[in-house]
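Participant: Single-letter residue listing:
2 protein chains.
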Amino acid sequence: MTQEFSAWMGGIQARMETALGRQLPPQGALPARLHDAMRYAVLGGGKRVRPLLVFAAGEVADAPEASLEVVAGAIEMIHAYSLVHDDLPCMDNDDLRRGRPTVHKEFDYATALLAGDALQAQATLILSDRHVAPDAAAQLEMLRVLAQASGSRGMCGGQQIDLDAVGKPLTEPELELMHIHKTGALIRASVTLGTLCGTPLSPQESAKLDHYAKCVGLLFQVVDDILDVTQDSATLGKTAGKDAKDDKPTYVSILGLAEARRKAQTLLEDALAALEPFGTRARCLRELAEFITSRSF
Amino acid sequence: MTQEFSAWMGGIQARMETALGRQLPPQGALPARLHDAMRYAVLGGGKRVRPLLVFAAGEVADAPEASLEVVAGAIEMIHAYSLVHDDLPCMDNDDLRRGRPTVHKEFDYATALLAGDALQAQATLILSDRHVAPDAAAQLEMLRVLAQASGSRGMCGGQQIDLDAVGKPLTEPELELMHIHKTGALIRASVTLGTLCGTPLSPQESAKLDHYAKCVGLLFQVVDDILDVTQDSATLGKTAGKDAKDDKPTYVSILGLAEARRKAQTLLEDALAALEPFGTRARCLRELAEFITSRSF
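Taken in order, these protein sequences are the chains called A and B.
Under this note's numbering, the first residue of the first sequence carries the number 731, and numbering increases by one thereafter.
Under this note's numbering, the first residue of the second sequence carries the number 731, and numbering increases by one thereafter.
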């Protein structure tokens, strides 16, 4: 990781912490318990991978940072709500997230459910409330892409495929289908929405970036599966070894650790190849993919 | 209820059943279990009060029915998701809804959670995907109004106030604050979005209609509280007497049955007065308020 990239990443992460704090209902606003839970779920950490992708993609389209901040905030709220619901006892039943008690542990089950629901609405609210696209039609397109990516044929659909798969032997293509939905859809949306904030790209350019995003989405998951077996809970900030314990299929359980690492390397090469036409405009996208991969080695 | 109004109401209800069937992901689309649960939650009954309000408000603004159908579908999906989550064991823990097992009873807890989440996304999807407003800016405004009405300062906020109130003695103003959020916000949004589909109204006209919607929102709740003590589960299609059993404050528990009925009558008169400037254009809105009130006598 170059020093320049490290500074860029740290800058976005700090900027998003402030931005999200403003994009969420303020502390103390009634109903206070709900708003506390929403803020607890979103603020205070997280790697902010999706916002980083939004900003990196925005560079390619020369997008204004003020717009990227709103789009990144909306996507991060969708991501945060999915974690809150995913951690609930009826889903993954997880007590630890980002090194802290999960929302239902810190508050209660019903409040966590409502906080997740309200975060999804808040994402739509900020994305419809501010001018973040060159025109209203492009902004509607952003809302459409985000809803598609987070709904039953995107993230929620992936979670259902995940539920249906517990205890079943999956093939690698089936596992891939799950992840393309569960985490891949929102990662692709991050890149798409980042570029929609700026100068319109050609269909060929959009297709290249979308291919990059698909590769990075899978890459991210392969790395996550590797980290789940190679790192401890303290380092991860969430319960390590949980997938194996829950008998969930992962890239490591299907491919083995060495082959999973090779797959990560191949996905990285594929992602970088898709960025070639963009030259230096894709610098951050390039370094981001390399950074995600480096976590697993 | 006039025969004409009854035919209008039946027509909208039948039309919405078909429309919602098309607006939801088709049966059998993968992941099938999630889509089955979403369709189960939305289709096969319900009074469709919010769609009726959308269509009735649309008449005032001379709105095209094709647009009203989409807007009504989006709002009904938000309403349906809120019922699915509200019925979950961690919330109201209800087994019966619209005379059938609730979604988590028919499917399972995790699937019900995801179906609710995905319905919220589906509402945003259909409202951003089709042209339903005179221009893209008005359509963004629709999304903003709906997100505001369903989020932490609308419906979800009302549910949190409801949670916080269990077992506590509430005053009538406190109860009203809860209902203005919990059910009132989405009912107001129904009227607003219905008019946004058509010829723009003057600010004075919009304010009058909004006052109507506020009154009808409360009226609806007062009537619901009355029905909860005067009707049995078979007639209601949900568990009767549940509020009293759960020690939840209601208009009947605070005011008594006779006073609650008087309150309903006053709210009806207030609602009708707000419609005066609209003449025959507000015919359906007028009859709808009367119909809602009549259920409690």
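FYI, nobody ran anything at the bench for these hints, they're computed from the structure.
Check each hint, because a few of them may be wrong.
A pair counts as met if it fits within one copy or between any two copies, since identical chains are not told apart.
[What the hints assert, rightly or not] In silico SDA-like cross-links for lysine to any residue, where the CA-CA straight-line distance does not exceed 20 Å:
{"id": "1", "residue 1": "Lys898", "residue 2": "Arg763"}
{"id": "2", "residue 1": "Lys898", "residue 2": "Leu760"}
{"id": "3", "residue 1": "Lys944", "residue 2": "Glu1020"}
{"id": "4", "residue 1": "Lys978", "residue 2": "Trp738"}
{"id": "5", "residue 1": "Lys898", "residue 2": "Asp838"}
{"id": "6", "residue 1": "Lys835", "residue 2": "Pro819"}
{"id": "7", "residue 1": "Lys978", "residue 2": "Tyr839"}
{"id": "8", "residue 1": "Lys835", "residue 2": "Met821"}
{"id": "9", "residue 1": "Lys835", "residue 2": "Cys820"}
{"id": "10", "residue 1": "Lys898", "residue 2": "Gly829"}
{"id": "11", "residue 1": "Lys972", "residue 2": "Asn823"}
{"id": "12", "residue 1": "Lys993", "residue 2": "Arg874"}
{"id": "13", "residue 1": "Lys978", "residue 2": "Arg763"}
{"id": "14", "residue 1": "Lys978", "residue 2": "Gly1009"}
{"id": "15", "residue 1": "Lys835", "residue 2": "Thr960"}
{"id": "16", "residue 1": "Lys978", "residue 2": "Asp838"}
{"id": "17", "residue 1": "Lys993", "residue 2": "Phe837"}
{"id": "18", "residue 1": "Lys835", "residue 2": "Arg860"}
Participant: Each hint: holds or not?
Facilitator: Evaluation of the provided hints:
{"no.": "1", "hint": "Lys898 x Arg763", "verdict": "between (39 Å within a copy, 16 Å between copies)"}
{"no.": "2", "hint": "Lys898 x Leu760", "verdict": "between (45 Å within a copy, 17 Å between copies)"}
{"no.": "3", "hint": "Lys944 x Glu1020", "verdict": "within (15 Å within a copy, 54 Å between copies)"}
{"no.": "4", "hint": "Lys978 x Trp738", "verdict": "neither (35 Å within a copy, 52 Å between copies)"}
{"no.": "5", "hint": "Lys898 x Asp838", "verdict": "between (31 Å within a copy, 18 Å between copies)"}
{"no.": "6", "hint": "Lys835 x Pro819", "verdict": "both (10 Å within a copy, 17 Å between copies)"}
{"no.": "7", "hint": "Lys978 x Tyr839", "verdict": "between (24 Å within a copy, 19 Å between copies)"}
{"no.": "8", "hint": "Lys835 x Met821", "verdict": "both (14 Å within a copy, 16 Å between copies)"}
{"no.": "9", "hint": "Lys835 x Cys820", "verdict": "both (13 Å within a copy, 13 Å between copies)"}
{"no.": "10", "hint": "Lys898 x Gly829", "verdict": "neither (30 Å within a copy, 35 Å between copies)"}
{"no.": "11", "hint": "Lys972 x Asn823", "verdict": "within (10 Å within a copy, 29 Å between copies)"}
{"no.": "12", "hint": "Lys993 x Arg874", "verdict": "neither (32 Å within a copy, 42 Å between copies)"}
{"no.": "13", "hint": "Lys978 x Arg763", "verdict": "between (34 Å within a copy, 19 Å between copies)"}
{"no.": "14", "hint": "Lys978 x Gly1009", "verdict": "neither (40 Å within a copy, 63 Å between copies)"}
{"no.": "15", "hint": "Lys835 x Thr960", "verdict": "neither (26 Å within a copy, 39 Å between copies)"}
{"no.": "16", "hint": "Lys978 x Asp838", "verdict": "between (26 Å within a copy, 19 Å between copies)"}
{"no.": "17", "hint": "Lys993 x Phe837", "verdict": "neither (40 Å within a copy, 36 Å between copies)"}
{"no.": "18", "hint": "Lys835 x Arg860", "verdict": "neither (34 Å within a copy, 40 Å between copies)"}
Against the hints set out earlier in the document, violations occur for numbers 4, 10, 12, 14, 15, 17 and 18.
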